[in-house]
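Number of protein chains: 2
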Amino acid sequence: MTYFILFLFKIFYVEDKAGNTPVRDKEKSKQKFLNAVGKLLRTKGFSALKVNDIAAVAGLDKKLIYKYFGGRDQLVDQYLVSIDFWSNVKQDDAQPAITDGGREFTKQMVLQQYDYVASNKEFQKILLWGLSEKRKSLQNLADEREVVGEVLLKNITDPFFKDKAENFRASMAIIISGAYYLNMYSGASNSTFCGIDPAKEQGEKAIKKAIVNLVDMLYEDGKKQNG
Amino acid sequence: MTYFILFLFKIFYVEDKAGNTPVRDKEKSKQKFLNAVGKLLRTKGFSALKVNDIAAVAGLDKKLIYKYFGGRDQLVDQYLVSIDFWSNVKQDDAQPAITDGGREFTKQMVLQQYDYVASNKEFQKILLWGLSEKRKSLQNLADEREVVGEVLLKNITDPFFKDKAENFRASMAIIISGAYYLNMYSGASNSTFCGIDPAKEQGEKAIKKAIVNLVDMLYEDGKKQNG
DNA sequence: AAAATAAGTCACTTAATAGTGACTTATTTT
DNA sequence: AAAATAAGTCACTATTAAGTGACTTATTTT
Numbered sequence: 039m040t041y042f043i044l045f046l047f048k049i050f051y052v053e054d055k056a057g058n059t060p061v062r063d064k065e066k067s068k069q070k071f072l073n074a075v076g077k078l079l080r081t082k083g084f085s086a087l088k089v090n091d092i093a094a095v096a097g098l099d100k101k102l103i104y105k106y107f108g109g110r111d112q113l114v115d116q117y118l119v120s121i122d123f124w125s126n127v128k129q130d131d132a133q134p135a136i137t138d139g140g141r142e143f144t145k146q147m148v149l150q151q152y153d154y155v156a157s158n159k160e161f162q163k164i165l166l167w168g169l170s171e172k173r174k175s176l177q178n179l180a181d182e183r184e185v186v187g188e189v190l191l192k193n194i195t196d197p198f199f200k201d202k203a204e205n206f207r208a209s210m211a212i213i214i215s216g217a218y219y220l221n222m223y224s225g226a227s228n229s230t231f232c233g234i235d236p237a238k239e240q241g242e243k244a245i246k247k248a249i250v251n252l253v254d255m256l257y258e259d260g261k262k263q264n265g
Numbered sequence: 039m040t041y042f043i044l045f046l047f048k049i050f051y052v053e054d055k056a057g058n059t060p061v062r063d064k065e066k067s068k069q070k071f072l073n074a075v076g077k078l079l080r081t082k083g084f085s086a087l088k089v090n091d092i093a094a095v096a097g098l099d100k101k102l103i104y105k106y107f108g109g110r111d112q113l114v115d116q117y118l119v120s121i122d123f124w125s126n127v128k129q130d131d132a133q134p135a136i137t138d139g140g141r142e143f144t145k146q147m148v149l150q151q152y153d154y155v156a157s158n159k160e161f162q163k164i165l166l167w168g169l170s171e172k173r174k175s176l177q178n179l180a181d182e183r184e185v186v187g188e189v190l191l192k193n194i195t196d197p198f199f200k201d202k203a204e205n206f207r208a209s210m211a212i213i214i215s216g217a218y219y220l221n222m223y224s225g226a227s228n229s230t231f232c233g234i235d236p237a238k239e240q241g242e243k244a245i246k247k248a249i250v251n252l253v254d255m256l257y258e259d260g261k262k263q264n265g
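Sequences listed follow chains Y and S, in order.
Under this note's numbering, think of the first position of the first sequence as 39, with each following residue one higher.
Under this note's numbering, think of the first position of the second sequence as 39, with each following residue one higher.
Please keep in mind that the hints were generated in silico from the structure rather than gathered at the bench.
Any given hint might turn out to be false.
Note: identical chains are not told apart, hence a pair may lie in one copy or across any two.
[To be verified] Here are the simulated lysine-lysine pairs, DSSO-like style, with alpha carbons at most 27 Å apart:
| id | residue 1 | residue 2 |
| --- | --- | --- |
| 1 | K82 | K68 |
| 2 | K238 | K174 |
| 3 | K192 | K238 |
| 4 | K145 | K202 |
| 5 | K246 | K145 |
| 6 | K68 | K172 |
| 7 | K238 | K172 |
| 8 | K174 | K100 |
| 9 | K70 | K100 |
| 10 | K200 | K243 |
| 11 | K246 | K192 |
| 12 | K246 | K262 |
| 13 | K159 | K174 |
| 14 | K66 | K82 |
| 15 | K192 | K243 |
| 16 | K238 | K202 |
| 17 | K262 | K68 |
| 18 | K246 | K105 |
| 19 | K262 | K159 |
| 20 | K243 | K172 |
| 21 | K243 | K202 |
| 22 | K262 | K243 |
| 23 | K246 | K172 |
| 24 | K200 | K238 |
I would like the entire structure built from these sequences, with the hints used as guidance.
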């Protein structure tokens, strides 16, 4: 019996060598831990990021978390800096010149944001995490989002809305954060919100239509400034 | 020495009896536990609601939590059913007849909501809790909020907005949930949102102005339906 | 005022999670 | 292929929190 088992083991070993894939690879293991954090976050939320569970999902010993990252917190931080949420943002380099004060661009951007949040459980959980815990790396992510938005606001919409610029910004803050909230809400609750169910096709459609409509109204209102 | 201590004890005891305030009172103790839950929730959030800590804040032994409520979860549930968030809503019985499709009433209501959330840490934490955890009693609170809102929507704004009623509801969902999010955000993050800082006087003012403006625009838009 | 009951405490057990020292095994270097 | 190094495992300790049995003390009932 013992011999039989030993024999099998030998075969696996040889196959591994043949495939030139080392079984032990620090970098790959580190990545496994980072992936495990992402998976747990998506499925169970940030409060489920326990050392034991992360190690179990990664399929490795938790000792390695301390060896490679220094501890759970540093692993989690590294995970947070590793994600790039703006990879999805269409970098349409051949953008048409903006002549409408960013009206179409803004609408597109907000709708894109909405779809992104709606389809990305990980992002929802990170937003929630950011509301729940003060952590440097979460703050950094929030700041990053601000920087990206600021480009659009400062260069395109502020000049268009002139002395109504602050009002436009505040309105966009409400609309975007509303989109955030409703998406988190749809995952967490079975209730409607003002009778709208963001988890259902119809609710989502209504919300997206309302977003476009609100932005349009803001621009109509802003036109009066520009004549 | 021993006699001296005994003597003091006697005095305290007599005073207690004189004041007719029994030291041991089940109902008062239960209330102490419920208050402790509220206090911990406000200051540390729902994840801090540990049996040991609740007992420590209440100044009583944790055993009583099991004796009186059955356990932490039942205590927490009882706490959640005990709170009445709509106590603050002005029950203006002498309301003027609504002739504007609820325009002024809606604006007032949303602003009032905003102030309430802004000033009520407990409510913020419960909203966050509702986004984080599926718990029957939290769902009930969400449902309760829906019921209250439905009265206004169904009886006043739906008839006014007619076939744009769903759009109005979705818009209100965005505006109110945006107000929720921005208030939670201001407590959790040091970042601005679209350059607006909801934690600062100026930011709050801008948000409230934007809310009023958005509602006004929606009603202007709705007027076209009514002629 | 003695007995019964109920409130409240304390010290303990159990369970879960974090963290680590000593070891084994794979890979690389010589 | 032997030695050195680095990856990975395991069994253990420490810590924290939940939960409970046996007790003490206050209050009520008789």
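Status of the hints after comparison with the structure:
Proximity of K82 to K68 under the C-alpha cut-off of 27 Å is restricted to the intra-copy arrangement: shortest distance 21 Å within a copy versus 33 Å between copies. Proximity of K238 and K174 under a CA criterion of 27 Å is satisfied inter-copy only: 21 Å between copies versus 35 Å inside one chain copy. For the homomeric pair K192 and K238, the shortest alpha-carbon distance between copies (20 Å) is at most 27 Å, but the shortest distance inside one copy (35 Å) is not. Within a single copy, K145 and K202 get their C-alpha atoms as close as 18 Å, and across copies as close as 20 Å, so both meet the 27 Å cut-off.
In this assembly of identical chains, K246 and K145 lie within 27 Å of each other by CA distance both inside one copy and across copies; the values are 10 Å within and 22 Å between. With identical chains, the CA atoms of K68 and K172 are at most 27 Å apart within one copy only, with a shortest distance of 25 Å there and 33 Å across copies. When the C-alpha separation of K238 and K172 is checked against a cutoff of 27 Å, the pair qualifies only between copies, where the shortest distance is 18 Å, while the shortest distance within a copy is 32 Å. Proximity of K174 to K100 under the C-alpha cut-off of 27 Å is restricted to the intra-copy arrangement: shortest distance 24 Å within a copy versus 35 Å between copies.
For a Cα distance limit of 27 Å, the shortest separation of K70 from K100 inside one copy, 12 Å, qualifies, whereas the shortest one across copies, 41 Å, does not. Taking the shortest alpha-carbon separations for K200 and K243, only the inter-copy value of 18 Å comes in at or below 27 Å, while the best intra-copy value is 32 Å. For a Cα distance limit of 27 Å, the shortest separation of K246 from K192 qualifies both inside one copy, at 25 Å, and across copies, at 22 Å. Taking the shortest Cα distances, K246 and K262 sit within 27 Å of each other both inside one copy (25 Å) and across copies (22 Å).
For the homomeric pair K159 and K174, the shortest alpha-carbon distances inside one copy (22 Å) and between copies (22 Å) are both at most 27 Å. In this homomeric assembly, K66 and K82 come within 27 Å of each other (Cα to Cα) only inside a single copy, at 24 Å, whereas the closest approach across copies is 38 Å. Taking the closest pair of Cα atoms, K192 and K243 come within 27 Å of each other only across two copies (20 Å); inside a single copy the shortest separation is 30 Å, beyond that limit. For a Cα distance limit of 27 Å, the shortest separation of K238 from K202 across copies, 19 Å, qualifies, whereas the shortest one inside one copy, 35 Å, does not.
Neither within a single protomer nor between protomers do K262 and K68 lie at most 27 Å apart by alpha-carbon distance, with minima of 56 Å and 61 Å respectively. Taking CA atoms no more than 27 Å apart as the test, K246 paired with K105 passes in neither setting, with 47 Å inside one copy and 50 Å between copies. Within a single copy, K262 and K159 get their C-alpha atoms no closer than 40 Å, and across copies no closer than 39 Å, so neither meets the 27 Å cut-off. Taking identical chains as interchangeable, the C-alpha atoms of K243 and K172 lie at most 27 Å apart only when they sit on different chains, with a minimum of 25 Å there against 34 Å within one chain.
When the C-alpha separation of K243 and K202 is checked against a cutoff of 27 Å, the pair qualifies only between copies, where the shortest distance is 14 Å, while the shortest distance within a copy is 29 Å. Within a single copy, K262 and K243 get their C-alpha atoms only as close as 30 Å, which misses the 27 Å cut-off; across copies the closest is 23 Å, which meets it. In this assembly of identical chains, K246 and K172 lie within 27 Å of each other by CA distance solely across copies; the values are 26 Å between and 31 Å within a copy. In this homomeric assembly, K200 and K238 come within 27 Å of each other (Cα to Cα) only across copies, at 22 Å, whereas the closest approach inside a single copy is 38 Å.
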